[in-house]
Each structure stands twice: as structure tokens, then as C-alpha cells.
Amino acid sequence: AQSVTQPDIHITVSEGASLELRCNYSYGATPYLFWYVQSPGQGLQLLLKYFSGDTLVQGIKGFEAEFKRSQSSFNLRKPSVHWSDAAEYFCAVGGNNAGNMLTFGGGTRLMVKP
Amino acid sequence: EADIYQTPRYLVIGTGKKITLECSQTMGHDKMYWYQQDPGMELHLIHYSYGVNSTEKGDLSSESTVSRIRTEHFPLTLESARPSHTSQYLCASSGFHEQYFGPGTRLTVT
Chain F
896 AQSVTQPDIH ITVSEGASLE LRCNYSYGAT PYLFWYVQSP GQGLQLLLKY
946 FSGDTLVQGI KGFEAEFKRS QSSFNLRKPS VHWSDAAEYF CAVGGNNAGN
996 MLTFGGGTRL MVKP
Chain X
10 EADIYQTPRY LVIGTGKKIT LECSQTMGHD KMYWYQQDPG MELHLIHYSY
60 GVNSTEKGDL SSESTVSRIR TEHFPLTLES ARPSHTSQYL CASSGFHEQY
110 FGPGTRLTVT
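Quick mapping for you: the protein sequence lines, in order, are chains F and X.
Just so we're aligned, residue 896 is where the first sequence starts under the numbering used here, counting upward by one.
Just so we're aligned, residue 10 is where the second sequence starts under the numbering used here, counting upward by one.
Pulled out of the complex, with its shape left as it was, chain F reads as follows (with noise of 0.2 Å):
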């Protein structure tokens, strides 16, 4: 069975400091990995996908995620973080089946600090 894991619930960071959520996944077969924000009382937003080739990728909002098959991560990380990133991320895993299902961590709430 898939599952994904957000291992911090909370995170709070300062203005303009760097930024890294982990996220850990649990998948039969290739993954394809999805970084989603939530603002308050709003639905989800797509930040990144990785489905193949560079490991490295780069989403909105100057935010980039690193897959690591051998540590099964998909880490999200921004350099310089803005008051406005507080929000609910969510990491997300599916892969190629017919329902493009997929399986949500359970979520990491970002506060800013000024």
C-alpha cells in the first residue's frame, strides 16, 4: 500500500530564511511525486510534480523539490521565505494508475515569522 509521510506538523521560520519541509513516501513502483499549498479556507494549489528525469525540480513561487529514490524523499525547499508562504503544504503521491489517485501526507503547517 502507498502512503506519504510529513513528519513536522508545525513549522515556523523567519522572514527570508531558507526553508525545507520533508516529505517520505512509500510506493510499489515508480512514483510520481506532488507538492500541493492550502491557504486558509481555500482548496489546493499545485506547487511542483516530478514524474521523471531531473531529480531537481522547480515549481511557483520560487519553490523547488529534490526526489530521492534511495531515502524515498521528495523534500520541498525555498530559499528565502516571505510572510505570504504561511499555509498548509501537502505532499502527495500517485502513480500510473487508472484513476490518478493519490495518497496526501498528512500535512505541515508553515508559520512566518516577521
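Because the hints were derived from the structure by calculation, they are not lab data.
Heads up, some of the hints might be wrong.
What the hints assert, rightly or not - For the chain X half of the interface with chain F, some residues (derived, Cβ under 7 Å), not all of them:
1. Met36
2. Asp39
3. Glu107
4. Phe110
5. Gly111
Just so it is clear, the structure is predicted and the values come from calculations on it, not from any experiment.
Cβ atoms here follow ideal geometry from the backbone N, Cα and C, with glycine treated the same way.
Based on these hints, arrange chain X on the given structure of chain F.
Only chain X this time, still in chain F's reference frame:
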């Protein structure tokens, strides 16, 4: 990016009422989904559809029902709302592998 719409955005309703949450997408995606999410919590898949006339139940048992008569439309219905149905409901669609989400409907049943 997909355009996917949900109405209403917020709904406060009394116990026992019948409600329908609307979800529409303009991208022609075959696959659509409904998730339930309590505030600050993870997403739970409650229904999905592979296309017109296809509906399946998700991982989380739900008293709601769905229909898929048109590709672009995937409404969710609760025949008799109860306080335990209070939650946020997110609709999504998928054309390739990623899912695109609507803004959600926050439902409060009093």
C-alpha cells in the same frame, strides 16, 4: 491549469435539510473527485468518477451521494444533513496525473 468551480463557497444549514454541493470544471477532464477535510487536517477521498455515468466510493465512508451525468459536472448531495457533516468539501479533477482543486465549500450544519 484547470478551472474548477465550487458553489456555494459557504453554507450554513439546519439539521435534516437536503443539500447539493456543486462542482464544475471547464477542462474536459474525465476524472473527478470529492474530498472531505476538517480544518487543519488531512484530506479524505469520499467519491470519485472515471467519467460520465461512473461513480465510486472513496476511502472514507460517507452518507453523501454523487452523480456524473455530464463530463464537466460532479455534484454531491446529502439527503439529510447532520452536524457530523460539518466540514470542508473539496472537489478536484484530473486530466493527466496531477489533480486540480476547486476552492472548496465550507459546510456548517446546525
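Does the structure break any of the earlier hints, and which numbers would those be? Numbers 1, 2 - these are the hints that the structure violates, sorted from lowest upward.
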